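**Q** Chains X and A, in that order, give the protein sequences. All residue numbers for the first sequence refer to the working numbering, where the first residue is 659 and numbers rise by one. All residue numbers for the second sequence refer to the working numbering, where the first residue is 659 and numbers rise by one.
Incorrect hints may appear among the rest.
Which copy is meant is left open, so a pair is good if it fits within one copy or across any two.
No more than 30 Å apart at the CA atoms, straight line, and that leaves these computed lysine-lysine pairs for DSBU-like [stated by the list, open to error]:
| no. | residue 1 | residue 2 |
| --- | --- | --- |
| 1 | Lys836 | Lys756 |
| 2 | Lys699 | Lys711 |
| 3 | Lys786 | Lys836 |
| 4 | Lys711 | Lys664 |
| 5 | Lys836 | Lys664 |
| 6 | Lys699 | Lys664 |
| 7 | Lys767 | Lys664 |
Since the hints were made in silico from the structure, they are not lab data. Note that the coordinates shown come from a computational prediction; the quantities given were computed from them, not determined experimentally.
Number of protein chains: 2
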Amino acid sequence: MTRLMKNLLEILLEQGQPVYYEQNHFILREGQISDEVLFLKEGVVRHFVLDLKGNERTIRISRENDIFYSSIISYYTDEPTYINCQTLTPTQGVSWHKDQLETIFMQHKELDQFRYEQLTLFIIEKHKKELSLLTNTAVQRYSDFCKNNIDLFNRIPHHIIASYLNMTPETLSRIRSKSIS
Amino acid sequence: MTRLMKNLLEILLEQGQPVYYEQNHFILREGQISDEVLFLKEGVVRHFVLDLKGNERTIRISRENDIFYSSIISYYTDEPTYINCQTLTPTQGVSWHKDQLETIFMQHKELDQFRYEQLTLFIIEKHKKELSLLTNTAVQRYSDFCKNNIDLFNRIPHHIIASYLNMTPETLSRIRSKSIS
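Build the full structure now, drawing on both the sequences and the hints.
**A** See below:
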């Protein structure tokens, strides 16, 4: 993040509400309407849906220094969400209500650049994930994940990481044991 | 699209370059770098990648009144793309080069709102597609697609629609014959 972006983030952080959650707290549950953006100072949060067979499928893992919507579709459409958003560790961060964010962006036009860059990062992340599932092997997906998240293996259940990487826990375990040995 | 957004789009369209492509023209090929945004007045364009088995996988179908990046990741990262972007019909539209767009947005601050809304639409679209693959049956995905795109069955090859809906051509054919009969 550039110095300009860091400064803009500071403006935002000063105006948010501090939040503290225990492990396994639901920030949002399926059926609710998202009206919140969060920044994580400490902690890990998973976003998951129930698939057709009733299995939990993790579609995003948020961690330190991430900004995220509790559900981005619901936030913009005002429709009830399919997403469950749950802390996996004790978590502290900053939260903004939708109405408050609107006001902040009205009052601080210099934040438009921050919002634009953040939205493009979200888009790139989601497109990369889609492509990765089509064009990368399980080993490549694991390897990419480890670049910035190797510490998560000591912090959250591995079956959640496996779900995020779209592989079975057994496959993840096999890949890990090969890469470590 | 609201009247305001239509007016903002008009400002953009006036400054773009008209483009005309024959059927099966590649707007972008894997390995190239995307520096272009397009608006379709007439025609259909597919965005596809080659998966691990070398199969073409359609990840987006753009059509009349769509705005799109030839490859959104490559456009913002300047990395060579994995995407192939190809016309499926004779196509006419408007194109903007990246440098030109930067200049237009510098000169017309009123377009910030348009850009913001367009980016959120892209994000919602991509997230909805991700969720749809997890939480919707093939029949539901077909039914959703038909709401705005039923005419495409007379305009583009069905195997491309099947790929976009993440089902085999045989499954798509079976679902269609049941829904029509």
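**Q** Confirm or reject each hint.
**A** Verification of the supplied hints:
1. Lys836 - Lys756: neither (46 Å within a copy, 44 Å between copies)
2. Lys699 - Lys711: neither (35 Å within a copy, 41 Å between copies)
3. Lys786 - Lys836: within (25 Å within a copy, 35 Å between copies)
4. Lys711 - Lys664: neither (42 Å within a copy, 42 Å between copies)
5. Lys836 - Lys664: neither (39 Å within a copy, 56 Å between copies)
6. Lys699 - Lys664: within (14 Å within a copy, 40 Å between copies)
7. Lys767 - Lys664: Classified as both: same-chain Cα gap 16 Å, cross-chain 23 Å, threshold 30 Å.
Comparing the model with each numbered hint stated earlier shows that hints 1, 2, 4 and 5 do not hold.
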